[in-house]
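Chemist: What follows is each chain in one-letter form.
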Amino acid sequence: MNIRHALLVAALLSGLPALAAGYAFGTSTPDGQSVQQNQVSGTPVIWNVPQQNFYFNFGGDFDASAASAMADWNAVGTSMQWGLGSVAAQPCNSGDHINSAGWRATTCDDAAFGDAIAVTKRSYEKIGDTWYFADADIVVDNTQHWDPHYDGALRSDHTQDFRRVILHELGHALGLDHPDDAGQNVTAIMNSQISAIDSLQQDDKDGITALYAGITGSTSNTAFQSSSSGGGSGGWMIPLLALAALRRRKACI
Amino acid sequence: MLNRDSAKLSLIMNSHLSLRLAARKRLKVSWRGAMAAVALLLCTSAHGLSVVSRSFDELVQRADLVLVGTVTDVHSEFAAGGLDQNTIFSYVNFNDLQVVKGKVTAEAYVLRVPGGVMGRFAQDYPGIPAFQTGQRYLVFIRGNQHDFFPVVGISQGVFRILSNAQGQQVVVRDDHIDHAGRRALTTLTQDAPTLDSFIQDIRTRLTPAVPAAGNSPP
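Protein chains in written order, with this note's numbering: chain A, 1 to 253; chain B, 254 to 471.
Fair warning: there could be bad hints in the mix.
[As the list claims (entries may be wrong)] Short, incomplete list of chain B residues facing chain A, as computed with Cβ under 8 Å:
#1 R307
#2 F374
#3 A375
#4 G396
If you are wondering where the hints come from, they were derived from the structure by calculation, not from laboratory data.
In this text, all values refer to a predicted model and were calculated from it rather than measured experimentally.
Idealized CB from N, CA, C, for every residue including glycine.
Please work from the sequences and hints to get the whole structure.
Modeler: Below, the structure written as structure tokens:
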């Protein structure tokens, strides 16, 4: 490469948006009164206890897809691990401290979905001066046409890829927001813009790693532990890992 | 309307063109291909992940009400009914109204949006725009008090009224504004349409097309 080419590449790259890691998350407002979305600095709002269960009410292949998406987040290897909840719960009870997801023709307040097709509601509770997640529920519009899982490009017939959407919504439930809404230009499943991306990208993994870095698996702080438990002590990891292995095998075929 | 993604691509392609001229066409074909690939890498779909994508025409046609107003107050309450009475709603008060489509009989308008803070409890919905007190907005409203988020296209139908370097009022889509404050607003406002031209665009779409002379039925 001669000097002219080097200068050309440098000029091109300087004119492009930064491609550095840029995951986003919520933080407390400066007065501590609320939570501000789409931030890239400050102390993230996270789960108080980094082992939480999620109960899926979708049924059949859709539950398997949701569990597979959950396993992808767990495979990043942070202390924050989802488990499959065994206590039946409906997503329209944000006061039960049970994370759950299911189909709905309307949102939980009986409002129409409008132009949303899936909605994650995050409930927070303030402990001392710090906000923590207390409950996360996902409702998915059952009036849309859904496929449990397809890879790659979006279908032109508007069939929605369920797994891709749940993967994104579970990222919100973990505490991640939209990096593009925070001024970032990165490749991520957490971007608000859908694309052919159907799996976790490095930026998503960096984001969740940053949020839960230094958080141990200790369950000594039990503010939400009793109400959000429902699985055994780690027994849920086996089916999740099996699902992840099955998915990899299918991809190889 | 030029959306953010196509604007990015346009800037990149302009840079591409001028750099090619500066290099006096000495670049090999492979370099041109590499640069085109870089440009394509940054061209993304404009479809929201969990939101139906809406064109500008759809924003105008689907809205019950299009209004410009200044947010003077936002307060939150627990839901009065519905399946989940732990749900928190916020009520956004707009004043100093300019109604572009539909009718508002009162001097103020109240928009119900999900989420908010009630003491030591709070709720939010990632991707839902937050209205700021003191900020002036143009909003494409549909299904207020009924829809989950009563704006056409969710964030696609919320625009902020800002001032550009020339002091003109311009219109910028709320989700194009960097919430983390890393991009200067001047960059966004310099190419944004003025409020007047934006409203004119809306009104043009609301006016039934007049058949061209000579095409009228006999």
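Chemist: Let me make sure I understand: some of the numbered hints might not hold for this structure. Which ones are they, in numerical order?
Modeler: none
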